[in-house]
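Chains A and B are the protein sequences, given in the same order.
The first sequence: position 95 = 95 (my numbering), numbered continuously.
The second sequence: position 214 = 214 (my numbering), numbered continuously.
Please note: incorrect hints may appear among the correct ones.
Chain copies aren't distinguished; within one or between two, either way the pair holds.
[What the hints assert, rightly or not] Here are the simulated lysine to any residue pairs, SDA-like style, with alpha carbons at most 20 Å apart:
#1 K2 <-> A46
#2 K2 <-> D45
#3 K364 <-> P292
#4 K201 <-> E229
#5 K201 <-> A342
#6 K2 <-> A43
#7 K2 <-> E224
#8 K364 <-> S295
#9 K271 <-> Q308
#10 K2 <-> L16
#11 K271 <-> P292
#12 K364 <-> I320
#13 K364 <-> Y24
Please keep in mind that the hints were generated in silico from the structure rather than gathered at the bench.
A quick note: this is a predicted structure, and the numbers were derived from the prediction, not measured.
2 protein chains.
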Amino acid sequence: MKAEILAVGSELLDPLRRETNGAYITGRLRSVGVDVFARITVADDASWLEQAFRQALSRADVVIATGGLGPTSDDLTREAAARAAGRALHRDPGLLEALRERFARFGRVMAPVNAQQADLIEGAVSLPNARGSAPGQYLDQGGRLLFLLPGPPGEMQPMFDAQVLPIVRERAGGRALVTRVLKIASMGESDVEQIVAPLYKTYENPRTTILGGAGQTELHLTGEGASEEEAAARVEELASGIHGLLPGRIFSDDGRDLAEVVAALLSGRGKTLALAESCTGGLVAARLTAVPGSSAFFDRAYVTYSNQAKADLLGVDPQIIERHGAVSEETARAMAEGARRAAGTDLAVAITGIAGPTGATEDKPVGLVFLALAGDGVDRVRRAQFPGERDRVRAQAAQAALEMIRRAVLGLAPV
Amino acid sequence: MKAEILAVGSELLDPLRRETNGAYITGRLRSVGVDVFARITVADDASWLEQAFRQALSRADVVIATGGLGPTSDDLTREAAARAAGRALHRDPGLLEALRERFARFGRVMAPVNAQQADLIEGAVSLPNARGSAPGQYLDQGGRLLFLLPGPPGEMQPMFDAQVLPIVRERAGGRALVTRVLKIASMGESDVEQIVAPLYKTYENPRTTILGGAGQTELHLTGEGASEEEAAARVEELASGIHGLLPGRIFSDDGRDLAEVVAALLSGRGKTLALAESCTGGLVAARLTAVPGSSAFFDRAYVTYSNQAKADLLGVDPQIIERHGAVSEETARAMAEGARRAAGTDLAVAITGIAGPTGATEDKPVGLVFLALAGDGVDRVRRAQFPGERDRVRAQAAQAALEMIRRAVLGLAPV
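With the sequences and hints as input, model every part of the structure.
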């Protein structure tokens, strides 16, 4: 089954605005085996909108429109959809009454303009909206399913999940898609590809795609089946094969990011952590403390940007910096040891590097980063050369620091 | 003039993928007075794609398609556009030769499949691509302008700016749009609206829209004129009126974010800064050190998550915390003073609060944050109650800390 999604509203075409309903609906439709063939954002223009509905209803099995159901003269979705479907709009007395009651509940009188929110396409069924005044609509147009939903994600999403998805799932014949994402922080895209391609290419179902990001490679496995269980079992089989090929490399297969995984590991094992950050400037601390409950393991971070701060706070011997430079294995090691000693934590990790655009020397280019970990009976250091500009270098360094913690806590060999 | 933008490629419909060419092109088209009425993302499907081109060419003055110009069988843009325009495709000998030369330059032999990249729609003009193998195309289809461009932003953007925009600008009769964004960190959307609406509503040109974000309100002024200068002058007039209504409140009108503005202020005045962060957990430090050259003013940050860390690093008297709590005006003040003393900087700012979801008490709800600034002859403290969940509270607290620095350095009254 093929779907088409329409997002209605001139404001969504603002270059600074991001339309998010389309991605949400695409993901949910895929979970019931329906592929989205087109996503359209259309201005509040009666003619363009009607044409968009007409084209969608001529080719898609499922058409889902969001937005344009409000009470103003800019809200043209109901009328445009009705025209495209060749049907009349009529004012539904039950909906009108419900609207009046809703206003009364908030101690207000309904303005006449709001009455158009009670207009229903001939033959359509109203979809209640628990969180807003605009109800949705569902029409079976000669076997093609048309849904009109409100634009605000907080209203649209629960309506979609509870009222739209069950209808689409049934019509889709109960085919289900399940996607699982395997995340790897310690290997580049092409290295992962080389190891896992010979396995995943033997599968037509699940399909596998590989995505590279800053300091992370993701494998997306999408399995199809007659039921969600069957699809999940297919994904599980391939996923466990991939786990076998990449022992200890996959840090997440449940959607969590690396900071969440590290936070859960440290909390679960009752380990405390301190950080000494130079080039990442607080990024690792900010990511870890973004996780609720991080105070269970996170004690403090020293963001030691200047050499003086490294000496003052971490007791780094100025001679080490003078001899080897602030960006060196020796300084990273001294920072980690100093942080652990000063904070009295189980573990400490230090990051020092050249984020750019300035600061590079002939033998120390932009992107050169040293990471060190000090802990009870553990002592690791890593020299890394990250590609890209300031933001990407910092993001990759932060990711590498988190992976270093994960591997040390799990007793995995350094990368 | 009305424009329609087509993004071609099934991978762009992945729920995790973000299509960015549309926003870029929309912004650039607005600068020459062309409004985008629809943006469409279409799968690599010959029939859907041809229909999308057919519809766009039936209603838009300018049609811009990105992607699908590569050498594989999935690359259907050329063929679909040609069919929709009712024109033939022919292989251009000059383009073919240029392609062969390009491969030779990289020491490779061109595979036969690549030859289709030399296919040109009858009557179209080829648009050279300096950064990739896929040339673009430009066709005047009975007064409607059709452009086919490659998908990678690094190839598309320079081609758009140098080759597409001049043609569109001339056709648009030289009308120009200029947008300026005024950013305010210290007032909510409705407070800003109340003060500036009576002024901006007297203008039809520029148009003004208000956008609220975490800890920030933006006013977007878009002026139109016969030239960019004329449009800019109209924007300037309204902008200076708004500046007058909001003295000291607008921190940026040139696109910079608050961290960049604060970084430039501190660098420019030769002031040094230390931070003491609790609930923001390194977020303020991470934002400031994201700015290139931040080592000129940024000395260090103490991310003191535990009470012990606040005592160890900042010398906060444990009795203050015991008496008033870690989230209190007194603790914030002691943290800022302690940080300034320990770091020996000109200024220090401290943030302590309850980010949630846990940690709230009856008289200290989630979102309560205290900010303090200590400096040479300056001493400020602010109690704030931020709405939202953990991420939003932290983002707003970080923004408030940066605004506190900006106002103190500029000698503006506290908010």
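Going through the hints against the structure:
Taking the shortest Cα distances, K2 and A46 sit within 20 Å of each other only across copies (14 Å), while inside one copy they are farther apart (25 Å). Taking the shortest alpha-carbon separations for K2 and D45, only the inter-copy value of 11 Å comes in at or below 20 Å, while the best intra-copy value is 26 Å. Only between protomers do K364 and P292 lie at most 20 Å apart by alpha-carbon distance; the minimum there is 18 Å, versus 38 Å within a single protomer. With identical chains, the CA atoms of K201 and E229 are never at most 20 Å apart, being 22 Å at best within one copy and 57 Å at best between copies.
Taking the shortest alpha-carbon separations for K201 and A342, neither the intra-copy value of 51 Å nor the inter-copy value of 59 Å comes in at or below 20 Å. For the homomeric pair K2 and A43, the shortest alpha-carbon distance between copies (11 Å) is at most 20 Å, but the shortest distance inside one copy (24 Å) is not. With identical chains, the CA atoms of K2 and E224 are at most 20 Å apart within one copy only, with a shortest distance of 15 Å there and 41 Å across copies. Within a single copy, K364 and S295 get their C-alpha atoms only as close as 36 Å, which misses the 20 Å cut-off; across copies the closest is 18 Å, which meets it.
Taking the closest pair of Cα atoms, K271 and Q308 come within 20 Å of each other only across two copies (16 Å); inside a single copy the shortest separation is 29 Å, beyond that limit. In this assembly of identical chains, the alpha carbons of K2 and L16 lie at most 20 Å apart only when taken from different copies (19 Å versus 30 Å within one copy). Within a single copy, K271 and P292 get their C-alpha atoms as close as 16 Å, which meets the 20 Å cut-off; across copies the closest is 35 Å, which misses it. When the C-alpha separation of K364 and I320 is checked against a cutoff of 20 Å, the pair qualifies only within one copy, where the shortest distance is 17 Å, while the shortest distance between copies is 46 Å.
For a Cα distance limit of 20 Å, the shortest separation of K364 from Y24 qualifies neither inside one copy, at 44 Å, nor across copies, at 36 Å.
Hints 4, 5 and 13 from the earlier list are contradicted by this structure; the remaining hints agree with it.
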